[in-house]
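The residues making up each chain are set out below.
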Amino acid sequence: MILDLHAHSIKSDDGRAKVQNYCQWISTRKVPIDGFVLTEHRQFDFESDYSTLAEKFGITILKGAEVETEYGHVLVFGVTLALTRAFDFANIHLPLALVLEASEQHNAVAVPCHPGRVRVGMSAHIDTYGIPEGVRIVETYNGGSRGNEDQIAQKMAEEQGYLGIGGSDAHIVSHIGRCATRFSHDISIEAELTDALRAGDFEAITFRENA
Amino acid sequence: MTISRIEDVQFGEELPVFDPDTSLDNVKRFAVAAGWNRPRFTDHEAARAEGLPGALVPGIMSQGFLAAMIHRWAPDAEVQLVDTVFRAPVVVDLQYHINGVVTDIDEEEKLIEIDLTLTNDADETRVFGTAKVLIG
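From first to last, the protein sequence lines stand for chains A and B.
Those letters in the first sequence? Residues 1 to 211, by the working numbering.
Those letters in the second sequence? Residues 1 to 136, by the working numbering.
Extracted from the complex, chain A is given alone in its bound form (with noise of 0.2 Å):
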């Protein structure tokens, strides 16, 4: 089974996709794979419900966050209301260290993403904070990574013993699925997710052509 594990919808600041549209494009273009993680900025989208959706199209649609802190953006996954609890998703100056113990302790998996990024990628900070415990998985393909972004990330995921993720980061619909993670199981929840994460049994896919 195939997600892209890191994608926006309207429901981020900067997100310009209805997340119909993303099923719709998946449908339409044959985008090879069978679901997404809708991981808004700064929040979990407790409201939304794209089950009907999904079912129409076939297509798995779950539900995460990015959130941020002194090493960069952090996907979380498997984020539940006692996680929401543990620390504010809105402060963009969170400790990593605390994103990691919350998760860890609310079952759900953080993922420092497009890690080889300026500014808000964990390499980033590496110098000025050392490298941080408890990190187990980075994103290694990120579809909107520029110049050796990916390539830094691999680096320093190969350097570390880090596994690694892929996700497209669409911000708008035709970015959808560029790139993704496989799994060998099939994942239908996010409960599923977690526990894949936490077996490390996937790997990192892109489609960009010149990744």
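To be clear, the hints were calculated from the coordinates, so they are not data collected in a lab.
Glycine is no exception: its CB is placed at the ideal position from the N, C-alpha and C atoms.
Treat each hint with caution, since some may be false.
What the hints assert, rightly or not - Estimated spans, in silico, between C-beta atoms of each pair: (1) Glu-159/A x Pro-75/B: 32 to 42 Å; (2) Glu-159/A x Ser-23/B: 39 to 49 Å; (3) His-71/B x Lys-56/A: 30 to 40 Å; (4) Asn-26/B x His-185/A: 50 to 60 Å; (5) Thr-52/A x Glu-108/B: 15 to 25 Å; (6) Ser-23/B x Gly-147/A: 32 to 42 Å; (7) Leu-24/B x Thr-52/A: 36 to 46 Å; (8) Gly-134/A x Val-32/B: 52 to 62 Å; (9) His-185/A x Ala-46/B: 53 to 63 Å; (10) Asp-14/A x Asp-43/B: 29 to 39 Å.
As the list claims (entries may be wrong) - Among the chain B residues that face chain A by a calculated CB cut under 8 Å, a handful are: (11) Glu-50; (12) Asp-76; (13) Glu-78; (14) Ala-88; (15) Val-101.
Stated by the list, open to error - Taking lysine-lysine and the DSS-like style, the derived pairs with C-alpha atoms no more than 30 Å apart in a straight line are: (16) Lys-56/A x Lys-18/A; (17) Lys-11/A x Lys-110/B; (18) Lys-56/A x Lys-11/A; (19) Lys-155/A x Lys-56/A; (20) Lys-18/A x Lys-132/B; (21) Lys-18/A x Lys-28/B; (22) Lys-11/A x Lys-132/B; (23) Lys-56/A x Lys-110/B.
Given the structure of chain A, go ahead and fit chain B onto it with the hints provided.
Same frame as chain A, now just chain B:
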């Protein structure tokens, strides 16, 4: 081929790719015409002295390229909104490509949405956005 009726527009339809003229001469003409004539747009050395990778194509010029691309495809359309997110500098004298693709059609309101991306030769997105366009 140009478009004049919403019935002729299909979801996923791609607009003809447009390669904008980002030469220094062209950017200088635009900067003067727009009253936005600053060294960071018209002088590579001055821009580099500001820490930029070179003279920049003004954001409003990029938006103009995007709107013009839509009008070439649908000359009578009303471009109601061009909403852009600038992800990385668009540098003068480098080659860029603008792609547009229809990602939403509301036949009742005669409104379509178009994804717009400005990319470089490495297919890196420098600017992306969406346009809302009313088609007769």
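Cross-check of the supplied hints:
1. Glu-159/A x Pro-75/B: 32 to 42 Å: violated, 55 Å
2. Glu-159/A x Ser-23/B: 39 to 49 Å: holds, 43 Å
3. His-71/B x Lys-56/A: 30 to 40 Å: holds, 35 Å
4. Asn-26/B x His-185/A: 50 to 60 Å: holds, 54 Å
5. Thr-52/A x Glu-108/B: 15 to 25 Å: Holds: the Cβ-Cβ distance is about 21 Å, inside 15 to 25 Å.
6. Ser-23/B x Gly-147/A: 32 to 42 Å: Because 24 Å falls outside the window, the suggested range is violated.
7. Leu-24/B x Thr-52/A: 36 to 46 Å: violated, 53 Å
8. Gly-134/A x Val-32/B: 52 to 62 Å: holds, 55 Å
9. His-185/A x Ala-46/B: 53 to 63 Å: Given a distance of about 57 Å, which is inside 53 to 63 Å, the answer is holds.
10. Asp-14/A x Asp-43/B: 29 to 39 Å: For Asp-14/A and Asp-43/B the Cβ distance comes to about 31 Å; the hint holds.
11. Glu-50: violated, 17 Å
12. Asp-76: violated, 25 Å
13. Glu-78: violated, 19 Å
14. Ala-88: Given a least distance of 6 Å, the restraint on Ala-88/B holds.
15. Val-101: Holds: closest Cβ of chain A sits about 5 Å from Val-101/B, inside 8 Å.
16. Lys-56/A x Lys-18/A: holds, 15 Å
17. Lys-11/A x Lys-110/B: holds, 24 Å
18. Lys-56/A x Lys-11/A: Answer holds: Lys-56/A to Lys-11/A is near 21 Å, not above 30 Å.
19. Lys-155/A x Lys-56/A: Not satisfied, since the Cα-Cα distance of roughly 40 Å exceeds 30 Å.
20. Lys-18/A x Lys-132/B: Given that 30 Å is the threshold and the Cα spacing comes to 13 Å, the pair holds.
21. Lys-18/A x Lys-28/B: violated, 38 Å
22. Lys-11/A x Lys-132/B: Since the Cα atoms of Lys-11/A and Lys-132/B sit roughly 18 Å apart, the hinted pair holds (cutoff 30 Å).
23. Lys-56/A x Lys-110/B: holds, 25 Å
Hints 1, 6, 7, 11, 12, 13, 19 and 21, counting from the list given before, are not met by this structure.
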